[in-house]
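Let the sequences and hints guide you as you build the complete structure.
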Amino acid sequence: MKTLLRLSFLASFLLSLVPLAVPAHAQKTIELLNVSYDPTRELYQDYNAAFARYWKAKTGDDVVIKQSHGGSGKQARSVIDGLPADVVTLALAADVDALASVAKLIPADWQKRLPENSAPYTSTIVLLVRKGNPKGIKDWDDLIRPGVSVITPNPKTSGGARWNYLAAWGYALKKFNGDEAKAKEFIGALYRNVPVLDSGARGSTTTFVQRGIGDVLISWENEAFLALKESGGDQFAIVVPSLSILAEPTVAWVDKVVDRKGTKAVAKAYLEYLYSDEGQDIAGKNFYRPRSAQAAAKYAAQFPQIKLITIDDVFGGWTKAQKAHFADGGVFDQIYLPH
Amino acid sequence: MRNFTVISRAVVVVAVFSTNFIPALRADTNEDIQALRAQIQQLDQQLRILERKQEIKDEESAAAAKAAPKIAITDKSFTFASGDGADSVRIGGLVQLDSRLFFNDGGGVLNNTFVLRRARPIVDGTFDKIYSFQFVSEFGGTSTPSILDANFGVGLSDALQFKFGKFKTPVGLEWLQSDSWTFFDERSLVTDLMGNRDLGIQASGKFDGGVVTYAAGIFNGVPDSTNSSNADFDNDKDVIGRLYLQPFKNDQASVLQGLAFGVGSSLGREKGALAVTSGYKTDGQQTFFKYRSTVVGDGQVWRVSPQAEYRNGPFGAIAEYVVSTVNVRPAAGKPKARLENKAWELSAGYVLTGENSSYTGVVPNHSFNWQNGTWGAWEVAVRYADLKIDPKAFPTFADPTINADEARSTGLGLNWYLSKTVKTTFDVYDTRFSNLVPVSATQILRQDEKAFITRFQISF
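Top to bottom, those sequences are chains Y and A.
The first sequence lines up with residues 1 to 339 when you count with this note's numbering.
The second sequence lines up with residues 340 to 799 when you count with this note's numbering.
Just so you know, not all the hints are guaranteed correct.
[Said to hold, decoys possible] With a cut-off of at most 25 Å between alpha-carbon atoms, the simulated BS3-like pairs for lysine-lysine come out as follows:
(1) A/Lys396 with Y/Lys156
(2) A/Lys545 with Y/Lys74
(3) A/Lys409 with Y/Lys74
(4) Y/Lys56 with Y/Lys74
(5) Y/Lys66 with A/Lys405
(6) A/Lys392 with Y/Lys28
(7) Y/Lys256 with A/Lys468
(8) A/Lys468 with Y/Lys261
(9) Y/Lys261 with A/Lys545
(10) Y/Lys112 with Y/Lys264
(11) Y/Lys156 with A/Lys405
(12) Y/Lys104 with A/Lys468
(13) Y/Lys184 with Y/Lys66
(14) A/Lys392 with Y/Lys135
(15) Y/Lys156 with A/Lys392
(16) A/Lys409 with Y/Lys28
(17) Y/Lys74 with A/Lys396
(18) Y/Lys58 with A/Lys675
(19) Y/Lys66 with A/Lys392
(20) A/Lys545 with Y/Lys264
(21) Y/Lys298 with Y/Lys74
(22) Y/Lys323 with Y/Lys182
(23) Y/Lys74 with A/Lys468
(24) A/Lys468 with Y/Lys66
Please keep in mind that the hints were generated in silico from the structure rather than gathered at the bench.
Everything numeric in this text was worked out from a predicted model, so none of it was measured.
The following block contains the structure:
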């Protein structure tokens with residue numbers, strides 16, 4: 001009896017330790033959270049599937065990418081406040097910069113870690129009007145006419161909205177030969193025609209396309225193409241303004257999060273793969289302007305030729321633009337009065 | 340003629356009017372229609388804008404509510420959690436008031452009493468979904484207030500979780516069950532031979548949804564029926580583990596779904612006066628055995644406890660056996676002996692009102708409510724337990740005139756679950772003692788223990 005008891009003791013204890021000795025899984029399932037801006041839902045739905053296939057083939061591990069979408073500024077705020085994003089794919093560098101300057105989640109020189117200043121694709125800003133263009137909108141000037149209802153999101157929360165604003169400002173500056181006071185008047189008149197400010201670009205698309213509000217939507221080019229595609233192509237029309245801005249959405253892995261979770265390798269690979277042939281092709285398919293010459297050539301026909309200004313040339317970079325126009329008490333706060 | 344003139348004039352007037360005024364009227368009407376159409380479109384836009392603004396406001400409110408911290412006050416607990424649920428704090432408590440009534444004890448022993456058996460504030464919670472903590476202090480009982488549980492955990496996955504601090508050692512089935520939800524208000528004699536709470540590090544986990552659960556850890560080591568005093572009394576440590584299987588857990592149709600069995604065990608070395616138990620107690624919490632005060636532990640200690648459980652609808656049963664071995668000396672420097680004390684128990688319960696019997700407590704289908712005429716859940720329970728002291732303990736290590744060498748306890752219980760948190764129990768115990776020699780007249784062991792214990796409990 002004593003021997004039996006001792007044997008059972010030994011057996012039970014050894015069995016108890018078995019799970020500690022055996023690895024839980026030979027193949028891992030890795031989970032990433034990509035915190036992105038509003039209109040990238042479709043892009044990353046396609047891209048995540050492609051990357052998961054690529055990673056599985058390369059390493060044998062499964063990778064599951066969860067998405068979070070919203071206004072770019074709002075999303076950056078969420079990450080700063082603790083949303084555990086492995087990667088951010090935001091609308092503009094200023095929002096990613098905030099992760100470095102405010103919360104020290106990434107190094108200050110994050111843009112140097114990936115090609116093209118960490119902007120794997122670009123886009124621009126166009127005008128989307130209703131079928132037949134009933135208000136005869138041809139350029140930015142038409143947006144300040146009385147009786148024209150303009151839909152654009154809130155630059156305080158949306159990266160796309162800031163690109164919209166700066167594109168219009170750039171046009172006004174050119175029109176008034178660099179007279180900032182007149183540009184400010186122009187922008188003020190434009191925003192007086194905005195009846196609703198959504199928090200993100202997708203919200204504004206909903207306002208214009210689904211809710212039938214407004215005469216013109218200032219929109220990401222990719223978002224405008226998507227609206228055309230989803231409406232069957234005959235409900236809306238894209239008006240290409242005489243001047244727009246080169247929009248460079250940027251991406252970064254969030255060092256503090258990936259170091260803690262042990263996901264740095266896969267997070268880095270996830271962003272690097274955006275520059276691959278497949279990644280660039282997916283960008284083109286989703287109406288983003290690819291960086292690679294091969295994909296750019298393939299999709300060149302779908303993108304109109306637009307004269308583009310850059311944030312650096314006209315505004316001296318995002319830091320200056322952000323401070324002058326969108327910080328508390330900046331130009332936007334001065335010209336916009338909620339209706 | 341006159342009529343003709345009147346008619347002619349009227350015709351002329353109408354003709355003139357038609358020629359000159361109808362086009363103008365038509366033009367005016369078209370303009371009006373256009374204006375009205377524009378006005379309607381404008382009103383339509385304004386209405387849509389108002390609706391959209393409200394929609395945005397609702398979305399923002401919903402998003403804010405989702406992100407806002409949550410306070411959940413339910414009929415089971417009070418919980419404060421972050422919007423995403425990753426961080427939470429639960430405030431709980433346990434209060435048990437017992438009425439102990441002993442029969443045929445001759446009146447010489449003053450043991451009929453109300454007892455605040457347990458009074459425990461409980462705080463537990465999680466941080467970042469992965470890290471957990473538990474803090475339980477004890478203000479009830481007859482000893483000074485103490486910290487019962489103070490530990491934190493790291494949950495890497497269901498299969499691997501770590502716990503650090505002071506907590507229940509993973510050996511006994513009945514011991515690991517919550518104090519609130521055992522069949523009887525006091526645990527059986529089997530638990531007398533288990534170590535209680537101890538300081539240590541434990542790995543645990545489950546596989547296949549709980550078909551296999553395990554726990555293994557290193558602890559300071561405590562004697563039978565003893566909680567750690569928050570420090571070790573020697574340099575040696577105990578290794579403790581438990582493996583528990585529920586092979587049919589996922590087979591919904593099987594009558595064996597609620598069958599579980601396993602074995603828990605501990606192995607270590609203990610030394611010194613604090614290495615021996617302070618005593619074994621009856622269901623009425625009266626000590627029926629303890630070693631002489633000079634006895635010291637010195638050497639290997641081990642326990643092994645095969646255990647089984649079965650639940651099927653309102654029926655539940657548990658069975659458990661334990662051998663607890665100590666190496667002791669009657670006094671420092673005296674010859675050593677190895678003593679093996681053994682106990683077993685079989686207990687069962689049946690919920691008369693049809694709710695499921697459960698290791699984590701019966702949840703009444705309808706809580707007690709005087710106005711509505713609902714009565715909660717009622718359960719009957721029966722138990723038999725036996726604890727046998729190693730005969731070698733007498734007389735060198737224990738005084739036979741004041742200790743029993745065996746206790747056999749029969750219990751009958753009636754449990755009334757008034758709600759998820761409130762329970763009342765009515766338990767009758769008959770514990771019979773075996774004595775090697777007649778015990779002293781002042782001892783409770785001079786006759787069997789017949790006790791009626793009623794408990795009023797709130798646990799949340």
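Going down the list of hints, with the structure as the test:
1. A/Lys396 with Y/Lys156: holds (16 Å)
2. A/Lys545 with Y/Lys74: violated (40 Å)
3. A/Lys409 with Y/Lys74: At roughly 22 Å apart (the allowed maximum being 25 Å), Y/Lys74 and A/Lys409 satisfy the hint.
4. Y/Lys56 with Y/Lys74: violated (33 Å)
5. Y/Lys66 with A/Lys405: Distance ~18 Å between Y/Lys66 and A/Lys405 Cα, so the pair holds.
6. A/Lys392 with Y/Lys28: violated (46 Å)
7. Y/Lys256 with A/Lys468: The given pair, whose Cα atoms are some 18 Å apart, holds under the 25 Å limit.
8. A/Lys468 with Y/Lys261: holds (13 Å)
9. Y/Lys261 with A/Lys545: holds (23 Å)
10. Y/Lys112 with Y/Lys264: holds (17 Å)
11. Y/Lys156 with A/Lys405: holds (21 Å)
12. Y/Lys104 with A/Lys468: Status holds; Cα separation ~23 Å.
13. Y/Lys184 with Y/Lys66: violated (41 Å)
14. A/Lys392 with Y/Lys135: holds (23 Å)
15. Y/Lys156 with A/Lys392: Given that 25 Å is the threshold and the Cα spacing comes to 17 Å, the pair holds.
16. A/Lys409 with Y/Lys28: violated (33 Å)
17. Y/Lys74 with A/Lys396: holds (16 Å)
18. Y/Lys58 with A/Lys675: violated (64 Å)
19. Y/Lys66 with A/Lys392: Distance ~29 Å between Y/Lys66 and A/Lys392 Cα, so the pair is violated.
20. A/Lys545 with Y/Lys264: Distance ~29 Å between A/Lys545 and Y/Lys264 Cα, so the pair is violated.
21. Y/Lys298 with Y/Lys74: Measuring from Cα to Cα gives roughly 34 Å; hence the hint is violated.
22. Y/Lys323 with Y/Lys182: holds (19 Å)
23. Y/Lys74 with A/Lys468: holds (24 Å)
24. A/Lys468 with Y/Lys66: Roughly 17 Å between the alpha carbons, so the hint for A/Lys468 and Y/Lys66 holds.
Violated hints, listed in ascending order, are 2, 4, 6, 13, 16, 18, 19, 20, 21; each of the other numbered hints is respected by the structure.
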